[in-house]
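K.L.:
Residue numbers (the numbering used here), protein chains in the order written: chain A, 1 to 474; chain B, 1 to 474; chain C, 1 to 474; chain D, 1 to 474.
Just so you know, these hints were derived from the structure itself, not from any lab. Beta carbons are placed, not taken as given, at the ideal position from N, Cα and C, and that holds for glycine. Treat the hints with care, as some may be off.
Stated by the list, open to error - Lysine-lysine pairs mimicking DSSO-like chemistry, simulated, CA-CA at most 30 Å apart:
#1 B:Lys403 x A:Lys282
#2 D:Lys18 x C:Lys67
#3 B:Lys403 x D:Lys282
#4 C:Lys218 x B:Lys431
#5 B:Lys18 x A:Lys83
#6 A:Lys357 x C:Lys408
#7 D:Lys66 x D:Lys83
#8 B:Lys67 x B:Lys83
As the list claims (entries may be wrong) - Far from chain D, some chain C residues (derived; all Cβ distances over 10 Å):
#9 Glu2
#10 Leu27
#11 Glu33
#12 Pro74
#13 Glu75
#14 Arg126
#15 Pro135
#16 Val143
#17 Pro196
#18 Arg217
#19 Leu305
#20 Phe421
#21 Asn432
#22 Glu438
Said to hold, decoys possible - So the derived label-pair ranges between C-beta atoms look like this:
#23 A:Glu370 x C:Arg362: 52 to 62 Å
#24 D:Glu423 x B:Glu22: 26 to 36 Å
#25 B:Glu22 x C:Arg150: 30 to 40 Å
#26 A:Leu371 x D:Ser19: 29 to 39 Å
There are 4 protein chains.
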Amino acid sequence: MERDIFSNISPIDARYYKSSRELLERLSQYLSENSVIRYEALVEGALIGVMERRGIVARGAREQMKKALGSITPEEVYLEEEKTQHNIRALVNVLQRRVSPGVAPFIHLAATSEDITGTAHALRMRDAFYRVVMPEALSLLDVMLDIAEREAATAQIGRTHGQHAVPATVGFLFAGYADRFGLRLQKMIEAVDSLPGKMSGAVGAYNASSLIFDDPRKFEEEVLAELGLKPAAYATQIVEPEFLLDLIHGVVSAFGVLAQIADDMRHLQRTEIGELAERFEKGQVGSSTMPHKRNPINFEHVKSLWKEFCPRIITRYMDQISEHQRDLTNSASGRFIGEIIAAFTLAVNRLARQFKKLVVDRARLRANLELIQGAFLAEPLYILLAARGHADAHELVREVTLKAEKEKASIFELIREDGRFLEVVQLDSWKNLERGPEHYTGRAEERARAIASEWRLRSEALRRRCSEYREAEL
Amino acid sequence: MERDIFSNISPIDARYYKSSRELLERLSQYLSENSVIRYEALVEGALIGVMERRGIVARGAREQMKKALGSITPEEVYLEEEKTQHNIRALVNVLQRRVSPGVAPFIHLAATSEDITGTAHALRMRDAFYRVVMPEALSLLDVMLDIAEREAATAQIGRTHGQHAVPATVGFLFAGYADRFGLRLQKMIEAVDSLPGKMSGAVGAYNASSLIFDDPRKFEEEVLAELGLKPAAYATQIVEPEFLLDLIHGVVSAFGVLAQIADDMRHLQRTEIGELAERFEKGQVGSSTMPHKRNPINFEHVKSLWKEFCPRIITRYMDQISEHQRDLTNSASGRFIGEIIAAFTLAVNRLARQFKKLVVDRARLRANLELIQGAFLAEPLYILLAARGHADAHELVREVTLKAEKEKASIFELIREDGRFLEVVQLDSWKNLERGPEHYTGRAEERARAIASEWRLRSEALRRRCSEYREAEL
Amino acid sequence: MERDIFSNISPIDARYYKSSRELLERLSQYLSENSVIRYEALVEGALIGVMERRGIVARGAREQMKKALGSITPEEVYLEEEKTQHNIRALVNVLQRRVSPGVAPFIHLAATSEDITGTAHALRMRDAFYRVVMPEALSLLDVMLDIAEREAATAQIGRTHGQHAVPATVGFLFAGYADRFGLRLQKMIEAVDSLPGKMSGAVGAYNASSLIFDDPRKFEEEVLAELGLKPAAYATQIVEPEFLLDLIHGVVSAFGVLAQIADDMRHLQRTEIGELAERFEKGQVGSSTMPHKRNPINFEHVKSLWKEFCPRIITRYMDQISEHQRDLTNSASGRFIGEIIAAFTLAVNRLARQFKKLVVDRARLRANLELIQGAFLAEPLYILLAARGHADAHELVREVTLKAEKEKASIFELIREDGRFLEVVQLDSWKNLERGPEHYTGRAEERARAIASEWRLRSEALRRRCSEYREAEL
Amino acid sequence: MERDIFSNISPIDARYYKSSRELLERLSQYLSENSVIRYEALVEGALIGVMERRGIVARGAREQMKKALGSITPEEVYLEEEKTQHNIRALVNVLQRRVSPGVAPFIHLAATSEDITGTAHALRMRDAFYRVVMPEALSLLDVMLDIAEREAATAQIGRTHGQHAVPATVGFLFAGYADRFGLRLQKMIEAVDSLPGKMSGAVGAYNASSLIFDDPRKFEEEVLAELGLKPAAYATQIVEPEFLLDLIHGVVSAFGVLAQIADDMRHLQRTEIGELAERFEKGQVGSSTMPHKRNPINFEHVKSLWKEFCPRIITRYMDQISEHQRDLTNSASGRFIGEIIAAFTLAVNRLARQFKKLVVDRARLRANLELIQGAFLAEPLYILLAARGHADAHELVREVTLKAEKEKASIFELIREDGRFLEVVQLDSWKNLERGPEHYTGRAEERARAIASEWRLRSEALRRRCSEYREAEL
């Protein structure tokens, strides 16, 4: 059923589809209504498969199902649903029409709808992550590692409270982003791998399957094993909601890392700061009336998407509650989970594209470092004094700082001239500092390199896992 | 640009589009990307219109614009945006190509992008509400008033803490729903009517328009008046965000009323209660494996949509913050507002459809009223005792209640036999109560009728406003 | 019952109590557990009062109640509650002990607990707002109006996307803050004035009071009138939750305005910007190791409080749902509302204190205006060209801007030398602009003054309302 | 500084302190302002300790610190903070006064405030969990396991959509609660154990400590090891926020499990259901006017606390963003984290107390099972038919169910009489079912026992970990 995308109401299906078509097509394979039906049919197929192996349904049943799966369309299932008012019953009816009369009654046998729906959902999530989300995320991770290494030694003033603090390096900053983001990816993969399926019937107690099998839990394990899944220890009509919640927590908290990055970039691109910036494309218009503008629109976009999607985690926490053996108030809401994953992947992808061409303005970095001439000396002076046992080190330094500020004098000179600092100014380490703020970056470069190199290994390991996953035939 | 709806990721553009196509098509006229561009062009048209009237642009300019508006397509604008990376500049370029060279330079003159975008947004919201949301909401209000009046005298046990309290009536319950929902509609209309437009330039200070007009604020008022809007006292690049926030607060809090209704209905349909229920359609399947099930799937759906959309209000509160004269981090997020309005309208519509055929099971209502035989007497006994100055009225009644419970005795008899209650049991009002719990409903019926009749008037007034709005040519 | 404040778990009762003791003591009169009991007793008093007037209870009853109210303590009520496990029953018992046996049975007669609790809550909220919150908020409003007027003409570069846009003035910025904040105060007052009480019994249908009065709704109105309140059209056991929700929406959205202000201030105090700043006190320590730091800790604090309290609005939306005639799941949560109001008032108070001594660095304002020399000319050049019918005005200006940037040339000169701009550079308005960016502030000063003067009037009106409220004896 | 608790504004410090004093006193040791200062001093002590071991400060320094730690009071530190406007500098000043002049300058040397604050926070969280939260949670887990085992075979109708589905057992229900809750506890412990400390200075790059040590990261590890902590790979001024976020996610999602349990209990206690209930205490008052009420006030309380605290997770996600090397907008908000933990522990404790005396009404359980006579047969009939290859099994059963409903006939008889079911009704498994719904509980009992016994082991292991933790001297 075709429709003009510009008539869609969700920006993901309209505006962002237009601008990120290829990526959204890939995600659509796991997050669309189409995929819902396809994966549910797959689970029904696995169910028949095990019944065939166990001799309950005639040989060839699974083969029939495979063909059936390939040919059903969402339209057909929806048409049937208009009659049944029940989506899984509709799917079963449609499948039954496509297999032989001897096989038809066995479709869905011993399963409740949620055995199919819940299991299919786990499968879709897993595929979406291993096939699209994770590869995209690793690309972003890698480009951040590139910057971390390339700019490991590029000094940059550190900022706390929006105020100049002491220097570190651009690479150190990006190593931190990579570390935070990478740790989130590991959380996500862990959560994805924990997603259980189920095949335990209407209230999770194997009531129906107990009538057919002596070992209904064993049967459940077999069906799920066909799909690469495991059951949890317990289920009601639905799988325990915490597994999925942990995954979405992983996504939303990873999104939070992107939001931090986007905010940092926005501010570092401020007119007054200008250290890092989005590349401004030829022909691009900054403003409809102010042609000189260079706006960080992509970083702003990422932050804005986070604002839209972060609060949606609350729905996930609400969906932990499903009265008794389940109510359906998590059904419609559950259908919107795909949007969170799509939006996150869009943000990841956009950030990666920007970072590949990130503008690093070395002149501005240097100029900012020297903006408050010598202010960076306050901390080392205090440290070196205190380390020598000076009683009022902090107060002393506060004094000389205020004096420099008041008299607009060079703090270097004030320190050099003040007898109380004699012991310090003769130190080699002090002389090194006098060469400039870029010589007071601590272990920023070393740490940037160490963190980046650790994450290179982990990134490759994750990438390998994704490849292996894709290669393993379902 | 056509696409299979089943490839969409948002349920609103796929699953719910399939099942509520007609309604979503109507909403799409105001909430889709298509409508965004159409309304923005409309604002550019009004701008030219006033310039023509003021003699700044040649006569006939507005007429040219009208034709241009009618022929542009989103595809074209998006294609242009690929070059400009700026959506309003793209629109302006496309419009300029369609008018004469004498008119072209005046398109968008003195406006900043947000003058167009923000004003168009206010217009779309207003049209969406007056043309679709409000009429749908009034239909729901009316059907609730129908039930309030029809069932004004139908006694129903009141429930507090899930425990039987004292009786009221079904009509009283629905009168309450109507009152709460109706008050929300009034809030919404108030908020819609307050939405301001703007035409005050890049930072809201009329910098650009001051160069052309001596009375830039007057000019702004004229342009907005063309569109039926007014400016607020102040704007930066964007209109003050609180006006829109109040509207969304109206929507989300009205949604909360629906959530309460849905929850009540779900519980009143419980197997053990069964007082009110969704009509179960012929051919409908309750469960894929439990054919006897009668599930309140529509009420569950409404509650579930609320769970999905209520937390999104947080994004609106976050979007109050737009650094300095504006940052763009409210742009992507702002595009998702249409989904909230669409989902609310879907829920309204679904509830109205269900209420039109609501099952009221009088036998179950009666049976439940009498479930704890005589328990409802506890309160009036206590009241009548206390009103006669009995010192320990509450304690006395507690005692007899516990006794009846313990001895499984009739509380009527225990009271009648207990000398301490003699004074009370001889009262006419007591004798009336002994006729049964339906005689202890206070002023439920009277209030149900009074509230319903008040809202009949208000509902008609609102409906009239909507009609007048639609009839007024823009 | 005394306890060391440093053992408290809530920062409001410990850290912030220490630093804002006087303000929190005032708020405590309406928001503490102590006040809960005091106001509930007050409602019981009003109930007796009307019964006395109607001749149901003996003369002098109200007088007895007044004395009783004055002498009860929370400890006593809590001790009683340990027995009853019911807070209102405990209060009633305690009150009954303090009045004559003839009056005792009439205490609480015909009321359900929520008649007392809900009504008392409305009273506490109203008093808190008129007596503390609103006066504090008006002080903040006034100091912002002071700045708006004082700095009405102080030019400041406008910033969109964090990039320099075109200039406005500091006063214009503060006029906008005042307008947004002031409008929120009006919303709040409107919501406060709408808070209803109730006296309609266990399920809102006047079951109990109908036994005693022929006109139970009239009786309700009388009792509430004693307290300056009105009933809503409908209630269940509880008042409709939307009235309180609107109030909290008012508070949280006003808090959002503070968050915007705090963010703006934080950024304007950045080392690289330095236009506005918190006054740094003598003796204050910026950092434990970096004595040169000047951190905007108060602005940061306000933003941080907003982050803590904004999401709590979700609880209020959740509390719209109270199953059937009420469940108790809004009880514990409802007790935390006081924290929101307290935190908002703390933030208001802190911001007012900072703004009274706000540092306005005129040199930095000027320096920043001239940071991108002449860039501000891009917009007016484009406007003046386009207004003269130039076809490619936007493109032309984009070109010259890029050229100036590339060649590091003066844009003034480039424009003056370029024949295509001849017509423009001869204009008086252009010559005016050449005098500097402070001459391109549009109507910023005029609007700042107009908005400020309008709000002076409204602020006084609001302040008068608060005084009148305080003076009216309850 | 003493204050009447009833003047406090937070219910945790007033109402709930009154009713859960002992528990809140224990929590206060780790969550109060008092504890904040105590733990921060502890970290300063560890720092001196390592410096003494490394020979930087004179021998005996740590001993001096130990004494100092024991004698400082919050009042003193707060008094000092009034001067410094900086809490850590105030603490350092207070400590310095208590040690010898030779030691004083070395206090806090090379540390930034957040090295102390962040590390102390991790320690407090860990202690709170191992010493109070986890032991309380394990008590709840254990009582749920008790019920799971005791009621493993107690049949109970399963409910989906609020409608009777097929039976399981009470023990199975509680096994599920235990499994979900237990898994959350494991997540929490994992998160607690991951909390890092830091000692890497103002921007995380070891700038200051590099001046004193050749191996600043090694030094950091040594200091943290003193406290049983480790550094993360990266820090800015603050530790990466995701570690704490994961912990709070653990708490809030565990709280969600409690909310589900509370909701289930509330509904199972409904007048019409009455299967499980809170024990009603002698003397307890159900309602101030309806003495017969038995309200699930404790279950309602737990749900209500969840409503209050769940949305606060949003603040934690917001606090992931701290601009550049940190802004302070996570400081005030971070102080409220203790409330979440306290409220969760209160809920855990209350639920455990209720479950210890949970009323299980076997008569009502049995009556409800038989409420829709024979309806439970629909599923097994369908299964057994389908398993025999019947083409229209689902439709056939739907038919007979509707017939039974319509004719108010016994479904047992209808089935027995209908030739189409002949094959099925002769099966042993069918005859077993005819004995009653309690014979169609699948593997509920078996699974309940298996899950309970697995969690017994895990619970003991967790308990052992807590004991070992407590025993290990810090």
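K.L.:
Now look at each hint and say whether the structure bears it out.
P.N.:
Verification of the supplied hints:
1. B:Lys403 x A:Lys282: violated (88 Å)
2. D:Lys18 x C:Lys67: holds (26 Å)
3. B:Lys403 x D:Lys282: holds (13 Å)
4. C:Lys218 x B:Lys431: holds (25 Å)
5. B:Lys18 x A:Lys83: holds (14 Å)
6. A:Lys357 x C:Lys408: holds (24 Å)
7. D:Lys66 x D:Lys83: holds (25 Å)
8. B:Lys67 x B:Lys83: holds (25 Å)
9. Glu2: Violated: least Cβ distance 4 Å, not greater than 10 Å.
10. Leu27: The claim breaks: Leu27 of chain C does not keep its Cβ more than 10 Å from every Cβ of chain D (closest is about 7 Å).
11. Glu33: At roughly 4 Å from the nearest Cβ of chain D, Glu33 of chain C sits no farther out than 10 Å, so the non-interface label is violated.
12. Pro74: violated (4 Å)
13. Glu75: Nearest chain D Cβ is 8 Å from Glu75 of chain C, so the label is violated.
14. Arg126: holds (17 Å)
15. Pro135: holds (18 Å)
16. Val143: holds (21 Å)
17. Pro196: Answer for Pro196 of chain C: holds, closest chain D Cβ roughly 20 Å.
18. Arg217: The claim stands: Arg217 of chain C keeps its Cβ more than 10 Å from every Cβ of chain D (closest is about 18 Å).
19. Leu305: violated (5 Å)
20. Phe421: holds (41 Å)
21. Asn432: About 39 Å separates Asn432 of chain C from the closest Cβ of chain D, which puts it past 10 Å; holds.
22. Glu438: Holds: least Cβ distance 30 Å, greater than 10 Å.
23. A:Glu370 x C:Arg362: 52 to 62 Å: At roughly 24 Å between Cβ atoms, Arg362 of chain C and Glu370 of chain A fall outside 52 to 62 Å, so the hint is violated.
24. D:Glu423 x B:Glu22: 26 to 36 Å: violated (48 Å)
25. B:Glu22 x C:Arg150: 30 to 40 Å: Since Glu22 of chain B and Arg150 of chain C have Cβ atoms about 58 Å apart, the given range 30 to 40 Å is violated.
26. A:Leu371 x D:Ser19: 29 to 39 Å: violated (57 Å)
Consistency with the previously given hints fails for numbers 1, 9, 10, 11, 12, 13, 19, 23, 24, 25 and 26, ordered from lowest to highest.
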